[in-house]
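Taking the hints into account, I'd like the entire structure generated from these sequences.
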Amino acid sequence: MSIEAVAPGTGSHARPVAAPPAGGDGTGALLSLRGLRKRFGALVALDDVSLDIARSEIHCLLGENGAGKSTLCNLIFGVHAPDAGEMVLDGRPHRPGGPRDALAQGIAMVHQHFSLVSDLTVVDNLLLGQARGVLDRAACAQRVAALADEYGLAIAPRARIADLSVGERQRVEIIKCLMRSPRLLVLDEPTAVLLPDEIRALLAVCERVAAGGCSVVLVTHKLAEVERAAHRATVLRLGRVVARSDAPARDMRALVRAMIQRDLSGLGAMAGAALGTDAVATAAAADAGAAARTITRRPSAAVVLDVEDLVMHDAGGVVALDHVGLAVHEGEILGIAGVEGNGQSELAAVLSGMTVAASGRYRVGAHDLFGRPPKAVTRAGVGVVPEDRHRVGCVPTMPLAENLFLDRLHEFRRFGLLDRRALLAKAAASMREFDVRASGADQPFERLSGGNQQKAVLARELTVPGLRLLIAAQPTRGLDVGAVEAVYGYIRRACERGLAVLLISSELDELLAMCHRIAVMYRGRIMGECDARPDERARIGAWMAGHAA
Amino acid sequence: MSAIASRRALPRIDRGVWLPLLAVVTALAIGALLVAATGVALPDAAAAFADGAWGSGYAIGASINRALAIGLVGLGFIVAQRANLTNVGGEGQIALGGIAATAMSLYGGASHLAGPLAFVMPMLAATLAGAAWGAIAGAMKVRFGTNEVISTLLLSFIGIWVLYGCVQSEALLRQPMTTSATLPESLEIPEATHLPRLWGEADVPLHVGLPLALLLCAVVAVVINRTVFGTMLRAVGANPDAARRAGMPIGGCIVLAMAIAGAFGGLAGALMLQGEQWTLKARFSSGYGFDGLVVGLLARGSVKGVIASALLFGFLRSGGINMELVANVPSAIVVVIQGLIIVTLAAAALWIERGAVR
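As you go down the protein sequences, you meet chains R and D in turn. The letter at position 184 of the first sequence is residue 184 when you use the working numbering, and the numbering goes up by one with no holes. The letter at position 66 of the second sequence is residue 66 when you use the working numbering, and the numbering goes up by one with no holes.
Quick caveat, the hints were computed from the structure, so don't treat them as lab data.
Derived DEER-like restraints, expressed as beta-carbon distance ranges: (1) R:D442 <-> D:Q168: 52 to 62 Å; (2) D:R354 <-> R:L128: 30 to 40 Å; (3) D:N147 <-> R:P99: 26 to 36 Å; (4) R:L43 <-> D:I30: 33 to 43 Å; (5) D:F144 <-> R:R497: 41 to 51 Å; (6) D:S302 <-> R:A422: 23 to 33 Å; (7) D:Q168 <-> R:R413: 48 to 58 Å; (8) D:N147 <-> R:D388: 20 to 30 Å.
Partial selection, computed: residues in chain D whose CB lies under 7 Å from chain R: (9) R226; (10) V228; (11) N239; (12) D241.
A quick note: this is a predicted structure, and the numbers were derived from the prediction, not measured. Note that the Cβ used here is the ideal one computed from N, Cα and C, for glycine as well.
Listed below in structure tokens is the structure:
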């Protein structure tokens, strides 16, 4: 049996999930999970989850955001305790009281957010919490070299973490795990921050680790990785196991259907891109790109965003923006590609007025916005979907209605008071228009799902009076496929009406499907700019890695 | 969904009332034990407390007047709290208010003004002085990032010593020295600048400050809950980055919020001086600013909470003073009981919040 399709939604609550098949090599499972259940308040994060991790296998955990993948990892690693169900590790009950217990049991985990001290060297980080008494750096460096050799994890032991790229930091985290010679390595969304080449390298490392006898749990929502590396896969949806496969590469379509409740063929290009299925994404991107370019900008289209020679240094004096120049025309979507941390955040901050660049030119239409505050930027008709919607995009503790009109509350002033009835009415209209789902306009913003939060931010920024430019930074991060499609749908429709869009994203597939042109940032510089055609992928990849093509 | 929510909300409201009451009663019970431990007969102490707190029209009036000063500071506190600012400087703002009201009354020509202006102008001067004192802390926060807890606390000490200097120096506010026994305090302010009593002849010291304070309670409740400004304060307090992105004047909001907090402190000083004391002394405010801070904290952002806890502290203070005078209970015990109330109320608040989360 290759795939146990468990149709969700139809199942009665009490239906037992069939025991998963044991590992193929007949040695029995390394880790068995039976009937795991975990609630957080009213939210059921995991509901009756059973699965087996076999020895020496790469087991992919698939699912959209909020499916319960991270929660499952945290149960295995002892961060949380399950409310019900049991875990059996190598025939013995596994009830970790905390990560320390799990580590002692031979389980190691790389979290989405790294836990490295950036001022210390690689070796010192590895020694943290493990060494007793006098530090033996030389021995540690030797061990690092040996591991690096064995698994292909090239790293300079004496380098400072702060000087390493994200991919290199991840390697350090993995080495930290491997130094404990674990039986089970859990990687929570490890590929989200990596370049295409780095992803390939990481998957190769996983294969070697598995070949060496350690099981690997790989959490992801990207299908391409499953296709490439997984021995088996389990799909979670809304906290339940909805599908399993012993041959994921073959069962791709069924897995996708289980994961997103829709057929790939029925999916828009954006959704395909968001899922990262190579074949699908490329085909879809070709379609969409062509479609997008059918709304070719008229030769006479006016330049809306005009940026030249923008220079900025970060707090440490390092160049964050290195003579950046951009132009976006009416009705055009310009994508900014690049690995995160190459100046995209700084660019968005400068363009939204949150920080001031050292020098350069920043104009929107006739407005000179260089050094102007956010209010002036908004007045010039610029909407901003910030990268960090919780920190900049909203006031999480305040109601949705206030957040929908945060920049124009004064429009609701009546007799000196805030006319909340009018505010709520307009908010309800806006919620309908942008399909923001909440229990009501009065619901605190933080209680909305990520997708609805983002749609609310988008609703506000797309209704900025006199809107002519939208700056959207990582607008789909953390959203599920449905929300990704919705967000890009709104942006594209606004664009068709003549809006200029600057779209910053680290998801190249999404940019290829969405944009007319793509500019690539590397270390604060624009490495190059080209049409958003799939056949430019190689050139863009080279630019992203810092090679001038 | 809504049925569940309302069913849940009901016991929470109940809790919100009986838990604080239970907390106060518990603290008072422990206090009674402490009083007994000092060797004072409990009935004597209780009688003295009741007598001082509400035993006569005068006692009630005095208790309410104490509650007024404490409550105004608390009211200012919750305005600043909206913007996530903590005003610890009530004591200094009261001092500045007292100085300004005295100066205006004695030497500013207020007493020659027609009708109500005679007592309104000193109050106004006190309010402005307090506002300025608060605004300094706000401006320092905006300009240099100075933590307002520290700056208001230190400004408080400065204010207290400015007051001390004013009543020590004849060039400033000290009354003319006729003998070596002349006390270091100001002259009595002219009759016209006294706050008019609510009941002319009766021996109840309630004055126009009471209706004024109640009016201000209503104003504050409306401003923080129902105006654009109040909403902006909340946004600035909860997420300054998002507020800035939305084009709100963050610096202005912070300075203004601190100025309002200070203004209430200054006004409290004016009420104390023009309502009861009539001469400015070095120990003009014996910790009302700090009591106001506690009242503001206990109120947890609600005007009703300010009123309730200000009354509690006002009566507690009056009763405590009488307990000390009549029953010889050490004044430290009263302070201990106040501390106990704060601890038990904080515990109750935690409990209420946990109940809300579940």
